[in-house]
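Undergrad: Protein sequences, first through last, are from chains R and S. Mapping of the first sequence onto numbering that gives the first Met the number 0: residues 0 to 89, in sequence order. Mapping of the second sequence onto numbering that gives the first Met the number 0: residues 0 to 146, in sequence order.
Hints may contain errors.
[As the list claims (entries may be wrong)] With a straight-line Cα cutoff of 30 Å, these simulated DSS-like cross-link-like pairs (lysine-lysine) come out: (1) R:Lys-22 / S:Lys-2; (2) R:Lys-80 / S:Lys-124; (3) S:Lys-32 / S:Lys-2; (4) S:Lys-32 / S:Lys-49; (5) R:Lys-65 / S:Lys-49; (6) R:Lys-22 / S:Lys-124; (7) R:Lys-79 / R:Lys-1; (8) S:Lys-124 / R:Lys-25; (9) S:Lys-132 / S:Lys-84; (10) S:Lys-60 / R:Lys-80; (11) S:Lys-60 / R:Lys-79; (12) R:Lys-25 / R:Lys-79; (13) S:Lys-132 / S:Lys-13; (14) R:Lys-63 / R:Lys-42; (15) S:Lys-60 / R:Lys-25; (16) S:Lys-49 / S:Lys-124; (17) R:Lys-42 / S:Lys-49; (18) R:Lys-22 / S:Lys-60; (19) S:Lys-124 / S:Lys-2; (20) R:Lys-80 / R:Lys-65; (21) S:Lys-84 / S:Lys-60; (22) R:Lys-63 / S:Lys-49; (23) S:Lys-124 / R:Lys-79; (24) S:Lys-60 / R:Lys-65; (25) S:Lys-32 / S:Lys-132; (26) S:Lys-49 / S:Lys-84; (27) R:Lys-42 / R:Lys-25; (28) S:Lys-13 / S:Lys-124; (29) R:Lys-79 / R:Lys-65; (30) R:Lys-80 / R:Lys-42; (31) S:Lys-124 / S:Lys-60; (32) R:Lys-80 / R:Lys-63.
[To be verified] Some chain S residues flagged as far from chain R (calculated, every beta-carbon gap over 10 Å): (33) Gln-17; (34) Glu-37; (35) Leu-75.
Keep in mind that the hints were calculated from the coordinates and are not lab data. These numbers were taken from a predicted model, which means no experiment stands behind them. All C-beta atoms, glycine included, are put in the ideal place defined by N, C-alpha and C.
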Amino acid sequence: MKILVVCGNGLGSSFMMSLNVQKAMKELNIEGTCSHTDLASSKSEQADYYIGSPEIMDQLNDGKRKVISLVNMFSLDEIKKALTTHILEG
Amino acid sequence: MLKTYLTEDAVQFKADAQNWEEAIRLAADPLLKNQTIEASYIEMMIENVKNLGPYIVLLPKFAMPHARPENGVNRLGLSLLILEKGVEFASGKGANVFLVLAAPDAAAHLNILSELSTLLSSQEKVDALALAKNYQELVTILEEEEK
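Model the full structure from these sequences, guided by the hints.
TA: See below:
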């Protein structure tokens, strides 16, 4: 399982979001890696799931990629719910 | 760590701003004055929001304007603007805390972001930040975090 966290520049928000996604993955026992990058690079990087803010996910969603939007990236509850819905039950 | 960078001259408290663009310009002003960033960095932060949407609003009330190291960053720096009255972005997202991040490369700022991430995990802390009225109140919130 490879999860890619995406933000506009790839050096601020996506890093912080990836810290929380990693926490959530651990708590949910999801095996895999989580890395972070910027929007432009993410378009050429393969991942099982792409996670980011709704604005960024809208731009990445081409109908083929599996994208997960997060409104509050610091809410561990929201992240766990999103991962459960998309990955564990998906 | 956050406190080390958020010195008194890097932190501003204001009643309001005309719009989000002005808020970003105001928030970044201390970094421009002490030459941590070039004027081009401020323009790029604004361009980023125009091009990519207000993803810099990391959670309700809290925005972290930033651009890339090559857009005019001379060294690592942070500045903070707290508005009594928040400003709205195009999507209806609002913020009254603006933390400007200037990162000179992809690694130097990661410790700061880890600490910030812990702080922002608590909605109570974010609410307290948004209501801080002066530098002393801000320092108290940041010091609680370090304990």
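Undergrad: Take the hints in turn and mark each one as holding or not.
TA: Taking the hints in turn, this is what the structure says about them:
{"no.": "1", "hint": "R:Lys-22 / S:Lys-2", "verdict": "holds (25 Å)"}
{"no.": "2", "hint": "R:Lys-80 / S:Lys-124", "verdict": "holds (23 Å)"}
{"no.": "3", "hint": "S:Lys-32 / S:Lys-2", "verdict": "holds (19 Å)"}
{"no.": "4", "hint": "S:Lys-32 / S:Lys-49", "verdict": "holds (25 Å)"}
{"no.": "5", "hint": "R:Lys-65 / S:Lys-49", "verdict": "holds (25 Å)"}
{"no.": "6", "hint": "R:Lys-22 / S:Lys-124", "verdict": "holds (20 Å)"}
{"no.": "7", "hint": "R:Lys-79 / R:Lys-1", "verdict": "holds (16 Å)"}
{"no.": "8", "hint": "S:Lys-124 / R:Lys-25", "verdict": "holds (25 Å)"}
{"no.": "9", "hint": "S:Lys-132 / S:Lys-84", "verdict": "holds (12 Å)"}
{"no.": "10", "hint": "S:Lys-60 / R:Lys-80", "verdict": "holds (23 Å)"}
{"no.": "11", "hint": "S:Lys-60 / R:Lys-79", "verdict": "holds (22 Å)"}
{"no.": "12", "hint": "R:Lys-25 / R:Lys-79", "verdict": "holds (10 Å)"}
{"no.": "13", "hint": "S:Lys-132 / S:Lys-13", "verdict": "holds (9 Å)"}
{"no.": "14", "hint": "R:Lys-63 / R:Lys-42", "verdict": "holds (12 Å)"}
{"no.": "15", "hint": "S:Lys-60 / R:Lys-25", "verdict": "holds (28 Å)"}
{"no.": "16", "hint": "S:Lys-49 / S:Lys-124", "verdict": "holds (29 Å)"}
{"no.": "17", "hint": "R:Lys-42 / S:Lys-49", "verdict": "holds (20 Å)"}
{"no.": "18", "hint": "R:Lys-22 / S:Lys-60", "verdict": "holds (24 Å)"}
{"no.": "19", "hint": "S:Lys-124 / S:Lys-2", "verdict": "holds (15 Å)"}
{"no.": "20", "hint": "R:Lys-80 / R:Lys-65", "verdict": "holds (16 Å)"}
{"no.": "21", "hint": "S:Lys-84 / S:Lys-60", "verdict": "holds (10 Å)"}
{"no.": "22", "hint": "R:Lys-63 / S:Lys-49", "verdict": "holds (26 Å)"}
{"no.": "23", "hint": "S:Lys-124 / R:Lys-79", "verdict": "holds (21 Å)"}
{"no.": "24", "hint": "S:Lys-60 / R:Lys-65", "verdict": "holds (29 Å)"}
{"no.": "25", "hint": "S:Lys-32 / S:Lys-132", "verdict": "holds (23 Å)"}
{"no.": "26", "hint": "S:Lys-49 / S:Lys-84", "verdict": "holds (22 Å)"}
{"no.": "27", "hint": "R:Lys-42 / R:Lys-25", "verdict": "holds (26 Å)"}
{"no.": "28", "hint": "S:Lys-13 / S:Lys-124", "verdict": "holds (20 Å)"}
{"no.": "29", "hint": "R:Lys-79 / R:Lys-65", "verdict": "holds (17 Å)"}
{"no.": "30", "hint": "R:Lys-80 / R:Lys-42", "verdict": "holds (25 Å)"}
{"no.": "31", "hint": "S:Lys-124 / S:Lys-60", "verdict": "holds (11 Å)"}
{"no.": "32", "hint": "R:Lys-80 / R:Lys-63", "verdict": "holds (22 Å)"}
{"no.": "33", "hint": "Gln-17", "verdict": "holds (23 Å)"}
{"no.": "34", "hint": "Glu-37", "verdict": "holds (17 Å)"}
{"no.": "35", "hint": "Leu-75", "verdict": "holds (12 Å)"}
Hint violations for this structure: none, all hints satisfied.
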